[in-house]
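Chemist: In the order they appear, the protein sequences are chains A and B.
For the first sequence, our numbering assigns the number 1 to the initial residue and increments by one for each residue that follows.
For the second sequence, our numbering assigns the number 1 to the initial residue and increments by one for each residue that follows.
The hints are simulated quantities; they were obtained by calculation from the structure and are not laboratory data.
Remember, it's a predicted structure, so these values are computed and weren't measured experimentally.
Just so it is clear, CB atoms sit at the ideal spot from N, CA and C, and this is done for glycine as well.
Any given hint could be a false lead.
To be verified - Stretch by stretch, here's where chain A covers chain B in the computed footprint (C-beta under 8 Å, at least three residues): (1) 6-14; (2) 23-34; (3) 45-59; (4) 202-208; (5) 242-249; (6) 319-325; (7) 329-340.
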Amino acid sequence: MTACSQQLTLESRLVNFGVGRDERTGGISFPIYPSATYRHPGVGESTGYDYTRSGNPTRQLLEEAFAQLEGGARGLAFASGMAALTTLFLHFSAGDHLVVSQDLYGGTYRVLAQVFGKFGLTASYVDTTDVAAVAAAIRPETKALLIETPGNPLLGVADLAALGALCREHGLLYLVDNTFLTPLLQRPFAYGADVTIYSATKYFGGHNDLCAGALVARTPELGERLYFLQNSTGGILPPQDCWLLLRSLKTLGLRLERHCANAGEVARWLKAHPKVTAVYYPGLEDHPGHELSQRQTSGFGGMLSFRVDTAETARKVLKKLQLISFAESLGGVESLMTLPAVQTHADIPVQERLRLGICERLLRLSVGIESSCDIIADLEQALA
Amino acid sequence: MSAKTYRPATLLVHQGMDRDPHTGASAIPIYQASTYHHPGGVGGEYDYARSGNPSRQQVEEAIALLEGGVRGFAYASGMAAIGSALALLRSGDHLIAPEDLYGGSWRYLNTVLPQQGISATYVDTTDLGKVAAAITPQTRALFLETPSNPLFKITDLRGVAALAKERQLLTFLDNTFMTPLLQRPLELGIDVVIHSATKFLGGHSDLLAGLVTTADPELGKRLKHFQNAFGAVLAPFDSFLLARGLKTLKLRLEAGQANAQVLAERLAAHPAVARVYYPGLDDFAARDLHFAQAAGAGAVLSFALRDAGAVPGLLQRVRLPIIAPSLGGVETILTHCWSMSHAAIPAEVKQSLGIGPELLRLAAGIEDVEDLWADLEQALAG
Numbered sequence: 001m002t003a004c005s006q007q008l009t010l011e012s013r014l015v016n017f018g019v020g021r022d023e024r025t026g027g028i029s030f031p032i033y034p035s036a037t038y039r040h041p042g043v044g045e046s047t048g049y050d051y052t053r054s055g056n057p058t059r060q061l062l063e064e065a066f067a068q069l070e071g072g073a074r075g076l077a078f079a080s081g082m083a084a085l086t087t088l089f090l091h092f093s094a095g096d097h098l099v100v101s102q103d104l105y106g107g108t109y110r111v112l113a114q115v116f117g118k119f120g121l122t123a124s125y126v127d128t129t130d131v132a133a134v135a136a137a138i139r140p141e142t143k144a145l146l147i148e149t150p151g152n153p154l155l156g157v158a159d160l161a162a163l164g165a166l167c168r169e170h171g172l173l174y175l176v177d178n179t180f181l182t183p184l185l186q187r188p189f190a191y192g193a194d195v196t197i198y199s200a201t202k203y204f205g206g207h208n209d210l211c212a213g214a215l216v217a218r219t220p221e222l223g224e225r226l227y228f229l230q231n232s233t234g235g236i237l238p239p240q241d242c243w244l245l246l247r248s249l250k251t252l253g254l255r256l257e258r259h260c261a262n263a264g265e266v267a268r269w270l271k272a273h274p275k276v277t278a279v280y281y282p283g284l285e286d287h288p289g290h291e292l293s294q295r296q297t298s299g300f301g302g303m304l305s306f307r308v309d310t311a312e313t314a315r316k317v318l319k320k321l322q323l324i325s326f327a328e329s330l331g332g333v334e335s336l337m338t339l340p341a342v343q344t345h346a347d348i349p350v351q352e353r354l355r356l357g358i359c360e361r362l363l364r365l366s367v368g369i370e371s372s373c374d375i376i377a378d379l380e381q382a383l384a
Numbered sequence: 001m002s003a004k005t006y007r008p009a010t011l012l013v014h015q016g017m018d019r020d021p022h023t024g025a026s027a028i029p030i031y032q033a034s035t036y037h038h039p040g041g042v043g044g045e046y047d048y049a050r051s052g053n054p055s056r057q058q059v060e061e062a063i064a065l066l067e068g069g070v071r072g073f074a075y076a077s078g079m080a081a082i083g084s085a086l087a088l089l090r091s092g093d094h095l096i097a098p099e100d101l102y103g104g105s106w107r108y109l110n111t112v113l114p115q116q117g118i119s120a121t122y123v124d125t126t127d128l129g130k131v132a133a134a135i136t137p138q139t140r141a142l143f144l145e146t147p148s149n150p151l152f153k154i155t156d157l158r159g160v161a162a163l164a165k166e167r168q169l170l171t172f173l174d175n176t177f178m179t180p181l182l183q184r185p186l187e188l189g190i191d192v193v194i195h196s197a198t199k200f201l202g203g204h205s206d207l208l209a210g211l212v213t214t215a216d217p218e219l220g221k222r223l224k225h226f227q228n229a230f231g232a233v234l235a236p237f238d239s240f241l242l243a244r245g246l247k248t249l250k251l252r253l254e255a256g257q258a259n260a261q262v263l264a265e266r267l268a269a270h271p272a273v274a275r276v277y278y279p280g281l282d283d284f285a286a287r288d289l290h291f292a293q294a295a296g297a298g299a300v301l302s303f304a305l306r307d308a309g310a311v312p313g314l315l316q317r318v319r320l321p322i323i324a325p326s327l328g329g330v331e332t333i334l335t336h337c338w339s340m341s342h343a344a345i346p347a348e349v350k351q352s353l354g355i356g357p358e359l360l361r362l363a364a365g366i367e368d369v370e371d372l373w374a375d376l377e378q379a380l381a382g
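Let's have the full structure, built from the sequences with the hints guiding it.
Modeler: So this is what it looks like as structure tokens:
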């Protein structure tokens with residue numbers, strides 16, 4: 001399998017990661033190695049595996065899959081998206097400064113402000129859809145730019161190429177959280193990104209039944225450094241969840257296709273609804289990042305947000321939903337809706353939140369792979 | 001909105017219960033408990049995991065919903081499902097089954113059931129006259145597969161169900177090849193539907209499971225009784241994996257079917273191939289009958305090479321498909337029926353049925369079809 005894997009399309013490779021790799025049995029599904037440790041053949045000898053925090057065959061296969069998918073030198077799997085991000089932040093030192101998307105997941109904001117702030121790592125939050133604003137935020141001590149594109153929850157689209165050029169010019173590490181689109185739809189390394197970050201709980205996992213994170217380093221050197229941090233701090237993904245995630249990757253292509261198609265239909269339907277005052281989805285022609293998205297992504301993804309007429313309507317919708325779950329998270333086969341102001345983005349100070357447009361009329365919808373007719377029917381009755 | 005009104009894509013994702021009632025959890029918990037506390041000595045809905053387990057119940061309800069049954073049953077393998085369903089028969093009963101039955105079913109009917117005094121006659125079930133002629137006073141049931149495995153013979157389900165009703169026979173159908181998305185046998189009058197859920201329903205070649213459902217409450221009660229008495233139940237973790245597999249069944253099956261259609265057409269035009277068996281081909285003899293009772297051709301096809309001697313070379317050269325028994329996974333699986341899926345059937349019987357050593361079965365996965373064809377083409381070219 002590995003012999004011809006380089007010529008295969010990404011879709012075929014996704015299905016075949018690890019297939020038949022178990023040499024003892026030829027098992028189609030790669031084994032789960034729950035072993036915490038490994039017997040050494042002799043003093044100073046190793047099978048290549050010493051202790052599961054440092055390396056585990058099931059995790060290693062998953063990490064290879066991440067690296068291959070992204071086209072990077074090394075992939076690393078973590079116990080959650082936040083564990084991945086935290087490990088990445090540990091790369092920096094006290095006194096360093098980061099420029100970060102303002103339209104980003106609230107948990108990232110929380111860990112930077114409330115945990116890394118104590119250690120002297122500072123961050124400026126800027127509108128990364130505006131290249132000039134990013135340039136203006138760069139200081140002598142700035143070490144990296146961290147972006148999410150599309151943004152969360154307002155789906156603003158950052159110019160990957162322009163920001164890549166800016167990072168090169170200023171010698172910044174270019175960090176891209178690619179959770180919303182995955183490497184199947186957006187390839188940050190093509191624009192000079194150094195590290196991609198994933199909450200693999202989302203589309204990679206895809207079934208709302210595991211919690212995982214991933215980092216992919218473009219270069220071997222950065223990969224080695226991040227591996228050192230992974231092994232030193234130990235926020236690794238356990239073997240069972242690695243296996244479940246490998247299973248998920250097999251259907252990633254099919255799932256994403258359906259997520260994108262359904263999200264497009266739902267976005268257009270919402271746009272025509274009298275109680276909906278705005279729909280944020282890069283696939284809509286009037287979305288400010290539509291053309292840019294068309295250039296730098298091969299699909300608009302399954303995430304959208306929309307604003308309703310009143311905060312009361314938003315709460316009513318959440319109460320009346322039947323098929324769609326009112327729950328945090330995204331990227332699963334099941335459709336989920338959240339109220340970002342009180343859930344995913346609650347840790348962002350209220351003034352700042354309102355300035356960004358994350359008010360209590362804003363709902364975020366992760367469109368699942370159910371029949372789009374059933375999703376729309378549920379929205380229709382909930383908005384009625 | 002009740003689950004029964006949802007379209008199939010939605011039903012598959014949400015199934016009978018899509019949120020844990022206690023926590024709201026998006027995934028139904030894996031209940032590993034072997035037994036359940038009886039507060040004050042009084043039992044509740046669950047008393048012992050063989051009798052009932054919420055994780056297993058999830059897939060049991062799902063198959064009933066998908067097939068239009070009243071209740072479903074989950075077993076440790078497809079064969080455990082077949083064996084448990086056939087426990088509806090008793091000593092002295094006679095069974096009619098198709099000639100080109102799946103090898104594992106053939107072995108069970110030929111070597112295990114006779115010990116219990118249950119005999120079987122194998123007929124060409126595509127010919128209702130032959131089925132009728134094989135009925136004896138002891139005949140109690142018809143065991144069917146359509147399309148048959150691996151020769152894609154199509155049995156008229158409505159016709160055979162009507163005959164069975166008239167003669168008061170039970171009908172069992174192994175619906176593994178089609179899944180309830182493509183063929184809904186209970187609606188056509190079949191009594192008991194069986195699945196090897198290891199195949200399309202599980203879909204990832206990483207679990208073994210069997211499912212049974214019926215629309216008849218009385219049969220349901222008897223199936224439940226035997227499932228509990230015999231105990232070949234599906235374990236909680238595999239129930240979880242199967243429920244997870246079902247969520248993407250529609251996407252996987254549609255992709256596999258589209259791939260199978262392309263591969264069938266290209267194989268049919270290939271000089272090294274003598275014949276392709278696939279209901280989606282224009283010249284498939286029983287095409288009209290198949291599409292009168294099924295909504296698609298499925299993702300499995302068989303093909304015969306002109307030269308049986310070319311089979312080992314092809315199996316050596318092919319790189320992408322898994323060479324193995326089984327089918328219905330996301331990975332394309334190529335099976336040499338002679339030595340794998342139908343190995344349990346004696347050589348002369350196989351030969352007489354047309355299952356020769358030149359026959360290969362291909363279960364199309366969800367890979368890119370051009371990758372699959374490029375690989376098959378190079379393997380066929382030698």
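Chemist: The region 23-34 of chain B covered by chain A? Criterion: 3 or more residues, Cβ-Cβ distance below 8 Å.
Modeler: holds (count 3)
Chemist: Examine the region 6-14 of chain B: at least three residues should have C-beta closer than 8 Å to a C-beta of chain A.
Modeler: As far as the region 6-14 of chain B goes, the hint holds, because 7 residues have Cβ atoms under 8 Å from chain A.
Chemist: Count the residues of the region 45-59 of chain B whose Cβ falls closer than 8 Å to any Cβ of chain A, and tell me whether that reaches three.
Modeler: violated (count 0)
Chemist: Against chain A, does the region 319-325 of chain B show at least 3 residues with beta-carbon separation below 8 Å?
Modeler: holds (count 4)
Chemist: Are 3 or more residues of the region 202-208 of chain B near chain A, judged by a Cβ distance of less than 8 Å?
Modeler: The restraint on the region 202-208 of chain B holds, since 3 of its residues have a Cβ under 8 Å from chain A and three suffice.
Chemist: Verify this for me: three or more residues of the region 329-340 of chain B with a beta carbon less than 8 Å from a beta carbon of chain A.
Modeler: holds (count 3)
Chemist: Take the region 242-249 of chain B, compare each residue's beta carbon with every beta carbon of chain A, and decide whether three or more fall closer than 8 Å.
Modeler: holds (count 3)
Checked against the numbered hints above, the structure violates only hint 3.
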